[in-house]
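Colleague: What follows is the residue order along each chain.
Number of protein chains: 2
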Amino acid sequence: MPRYAYVNGRYLPHADAAVHIEDRGFQFADGVYEVIAIVDGTFTDEEGHITRLGRSLAELRIPWPVKPGTLRILMRELAAKNGVRNGLLYVQVTRGVAPRDFRFPADPAPTLVMTCRRTKWQPRAALEKGVAVVTLPDIRWLRRDIKSVALLAQVLGKQAASERGAFEGWMVDPDGTVTEGTSSNAWIVTGDGVLVTRPASNLILNGITRQTLLRLAAAMQMRVEERTFTVEEAYRAREAFVSSASAFVIPVVRIDGRPVGEGVPGPLGRRLREAYLADAGVADPVLGGGR
Amino acid sequence: MPRYAYVNGRYLPHADAAVHIEDRGFQFADGVYEVIAIVDGTFTDEEGHITRLGRSLAELRIPWPVKPGTLRILMRELAAKNGVRNGLLYVQVTRGVAPRDFRFPADPAPTLVMTCRRTKWQPRAALEKGVAVVTLPDIRWLRRDIKSVALLAQVLGKQAASERGAFEGWMVDPDGTVTEGTSSNAWIVTGDGVLVTRPASNLILNGITRQTLLRLAAAMQMRVEERTFTVEEAYRAREAFVSSASAFVIPVVRIDGRPVGEGVPGPLGRRLREAYLADAGVADPVLGGGR
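Order-wise, the sequence lines are chains A and B. Numbered as in my numbering, the first sequence ends at 291 without a single skipped number. Numbered as in my numbering, the second sequence ends at 1291 without a single skipped number.
Don't take each hint at face value.
[To be verified] List time: in silico EDC-like cross-link candidates among lysine to aspartate or glutamate, alpha-carbon distance up to 16 Å: (1) B:Lys1120 / A:Asp101; (2) A:Lys120 / B:Glu1262; (3) A:Lys129 / A:Glu47; (4) B:Lys1129 / B:Glu1046; (5) B:Lys1067 / B:Glu1046; (6) B:Lys1120 / B:Asp1284.
[What the hints assert, rightly or not] Facing chain B, according to a computed beta carbon distance under 8 Å, are these residues of chain A, among others: (7) Arg140; (8) Arg143; (9) Ala153; (10) Val155; (11) Lys158; (12) Thr177; (13) Thr179; (14) Ser183.
To be clear, the hints were calculated from the coordinates, so they are not data collected in a lab. Just so it is clear, CB atoms sit at the ideal spot from N, CA and C, and this is done for glycine as well.
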């Protein structure tokens, strides 16, 4: 089946999908994006992702390229054209093409690009055995709440983590608190069983999966604290995990080489993963199981 | 005369110059750039710009897309094809096209893009009357020494400055010190005639024009201090100016609405502009004058 991408109103063979070299996404990172998981044909947390896309656009004063309702239709068309019922949909909007000038163009025509691909989800072993994270200085800008394509710091962080044999890097602000992963939110469970994750602010991206997990944790009457936590506290955690739109929940069993708790995946992360996928109305694409 | 751009080995009509939507420059801001002014056919500070491009690439571990010597030839070819003897040459290198993944691709094929255009230099009035700057919080990441295309903070800063009627925004770190302009370096002259600009570090881009001006200032036996300065000190300056590859030296006569000195362009900035262009062996493209 040939692969198609969507670029500004057209479905193009993937290899031909291009943007102009003066697109502000290419020259200035002047754009935003979302990644949505498709499981059994269901767009998980679609509403949340569309809402956040709108917020990111508004913060940068980039107009919607199409109406949100139209975008949802295009997303389904692209998934169908690619025959994807299990995979990832990537949406990027930029301020469009304009002669190079830092200032906003007077009359922007935003660029809308989408790709959709089947995904090898996280390997089963990642869920059964857990993954390692390492901590890194958080060198990013101070508007991390905007899901922009200015991702160079995250690229460098993920690469550094990977070279240290870790699945993810947990970024740490100068005050010693963990902000988040390079492409995920960070969670710990304290020794007395309290689920802790950093509150939303300009210092982290407010993950859509994160928001849904918080809602589900409250519904399951878990004890939850949205507060900062330090690397030292994370070392002492009973359990840890990361959340993201493409990986849902992945257990963390080592931080900087130190075992988390007993060094095996913990129960709260597993329950939250199950609850997340049940809430989405789908079976776990990695572990299977009923809805 | 039709306009041409250079994209990965080909000269393309400007309208057709495109990169793939999975170019890492577009999706991750995983790339770097340089802007070089061409005056009377001379590429000003070419050596410095090529050297810095190499440094930026090395910091990000992106291979050179072509050898530096080849790049210089291509730059000249592109300028010739566009009939540009006075204008700007823009060079961008990214880590190339790869399936979307934060980690570096194993075998990157870097993207090389260049544009070249005639330029309306700064209007004569900007030099004769000076320009205004406003101060803004510096919200950028902490590797500002890399000339990356992750420019979103600078875009927002320049736009905010422009909307406040200013030519440039001077960005200010939390400690109250001025880092630099959104696309220029910041300079002041103290009440007792000392030229002050911030030292190179990870907190500013080490401007090529800045480096040449420092060399020329030393040669002219100006008193120079490379040190941080606060917004308050800038308010009390006798003179101020900005430097950049595309504007050379532009006098600043208002900071946050307050006049700098007498509110007219000062002599040191003017002398340095003259010295810069004389050193490059060209006449001032705005003010004219002999070489």
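Colleague: Per the CB criterion, is A:Thr177 less than 8 Å away from chain B?
Modeller: Violated. Min distance 16 Å.
Colleague: Can A:Arg140 be said to touch chain B, with a Cβ gap under 8 Å?
Modeller: The hint holds - A:Arg140 has a Cβ within 8 Å of chain B, the shortest such distance being about 5 Å.
Colleague: Taking 8 Å as the limit, does the beta-carbon of A:Ala153 come near enough to a beta-carbon in chain B?
Modeller: Interface hint status for A:Ala153: holds (5 Å vs cutoff 8 Å).
Colleague: Min Cβ distance, A:Val155 to chain B: is it shorter than 8 Å?
Modeller: This interface hint holds because 5 Å falls under the 8 Å limit.
Colleague: Does the CB of A:Lys158 sit less than 8 Å away from some CB of chain B?
Modeller: 4 Å, holds
Colleague: Using Cβ atoms only, decide whether A:Arg143 comes closer than 8 Å to chain B, and label the hint accordingly.
Modeller: At 6 Å from the nearest chain B Cβ, A:Arg143 passes the 8 Å test, so the hint holds.
Colleague: Taken at face value, is the distance from the CA of A:Glu47 to the CA of A:Lys129 at most 16 Å?
Modeller: Violated - the C-alpha atoms of A:Glu47 and A:Lys129 are around 32 Å apart, more than 16 Å.
Colleague: If you draw a straight line from the CA of B:Lys1067 to the CA of B:Glu1046, is it 16 Å or shorter?
Modeller: 15 Å, holds
Colleague: Within 16 Å, alpha carbon to alpha carbon, are B:Lys1120 and B:Asp1284?
Modeller: Between B:Lys1120 and B:Asp1284 the Cα gap is close to 13 Å, so the pair holds against 16 Å.
Colleague: So, A:Thr179 near chain B? Judge it on the closest CB pair being under 8 Å.
Modeller: Status violated, d = 13 Å.
Colleague: Take a quick look at whether A:Lys120 and B:Glu1262 sit within 16 Å of each other, Cα to Cα.
Modeller: 66 Å, violated
Colleague: Verify the proposed pairing of B:Lys1129 with B:Glu1046, using a straight-line Cα cut of 16 Å.
Modeller: Given that 16 Å is the threshold and the Cα spacing comes to 29 Å, the pair is violated.
When the structure is compared with the earlier hints, violations turn up for hints 2, 3, 4, 12 and 13 and for no others.
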